[in-house]
Amino acid sequence: MKSVKHSEYLPDTEAGRLLFRERLIAKIQQHRDFKALPHEIQSSFFEELAALTFFGTNNCSVETHSSRIRKLEKLADSYRRVANSIALLSEIDELLLDDAFQHSMPLQQQKKLMRQLAAQVDGLIGGMRQTSTSTSERILLRLQGASLLKQLGKLGVVCKINNDFQKIAQTDAGHSEETEQAQRFLPDLSQSMTLAMLCTMLVLFNSGQVVEWSYCRRLLLEGITLHKAHTPDRANAANGSLRTHCRVD
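Each residue of the sequence shown is one higher than the one before, counting from 1 in UniProt numbering.
Just so you know, the hints here were simulated from the structure itself, not pulled from any lab data.
Any given hint could be a false lead.
What the hints assert, rightly or not - Straight-line Cα separation of at most 27 Å, DSS-like style, residue types lysine-lysine; simulated pairs: (1) K160 / K35; (2) K27 / K150; (3) K228 / K160; (4) K228 / K150; (5) K27 / K160; (6) K150 / K160; (7) K111 / K74; (8) K154 / K228; (9) K35 / K150; (10) K35 / K154; (11) K71 / K111; (12) K112 / K71; (13) K74 / K112; (14) K154 / K27.
All chains should be modelled from the sequences, with the hints used to inform the complete structure.
Laid out in structure tokens, this is it:
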């Protein structure tokens, strides 16, 4: 494991974050792949990067999952209430209403439809309860990664992923034992990263997320996985794709 004194760890403070962003941008500007981009792309690169929309949020928590289920349960109950209300009508009332609203679906068909919809929503709720939080998080990561890769591709950023980096233990970067609370530090900027990983870190940082390099790598890899799963081989051969342009060094 790499020693902290040979790294570029900055403290996770307001001043540290400002300096981290400044150094991260400088590292991108100095990267050989950035310098190889057309001048017109370089001139507006960081404005375009700042405008990137990051698909979804880190919202696969159990609490959010439960909130979705509660909303769906209310929807299913609403469908059932409509069906039950129709069932309470007398035969004469049904005939009168069907006659008055001949342009709409007959009440008996509406009642059947409401019960079918309630059953479908119940099935969806059951499926959500059986899906683990980790599975939901992976699905979200793949959607986020694929969206990010697509947007970076428009800026000419080739999807290269560096697999050779080290994580430095935060405890190594702390103060002396007398310190009541160990100082938290931002990700190490001394290591050699690909342009795609540097841009991913900046996009995440701009959105308020502080993550390790390993998370950036995983996000890109999950995006590649989703892209490959939805890209036919003939389209790859004709147009080129992440299958040929993504490389793990």
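Given the hinted pair K154 and K27, is their alpha-carbon gap at most 27 Å?
holds, 20 Å
Run the distance test for K228 versus K160: straight-line Cα separation, threshold 27 Å.
Status holds; Cα separation ~15 Å.
So if I understand the rule, the pair passes when the alpha-carbon distance is 27 Å or less; does K228 with K150 pass?
holds, 13 Å
So if I understand the rule, the pair passes when the alpha-carbon distance is 27 Å or less; does K160 with K35 pass?
holds, 15 Å
Holds or violated: K112 and K71, Cα atoms, limit 27 Å.
Holds. K112 to K71 sits at ~22 Å (cutoff 27 Å).
Holds or violated: K27 to K150, with C-alpha atoms at most 27 Å apart
holds, 22 Å
K35 and K154 were given as a pair; does the straight-line alpha-carbon distance stay at or below 27 Å?
holds, 16 Å
Check whether the Cα positions of K111 and K74 lie no farther apart than 27 Å.
holds, 18 Å
Between K150 and K160, does the CA-CA distance stay at or below 27 Å?
holds, 14 Å
K74 and K112: Cα distance at most 27 Å?
holds, 19 Å
Straight-line Cα separation of K154 and K228 no greater than 27 Å?
With a Cα-Cα distance of about 18 Å, the restraint between K154 and K228 holds, given a limit of 27 Å.
Going straight from one Cα to the other, do K35 and K150 come out at no more than 27 Å?
Roughly 20 Å between the alpha carbons, so the hint for K35 and K150 holds.
Violated hints are absent here; each numbered hint is respected by the structure.
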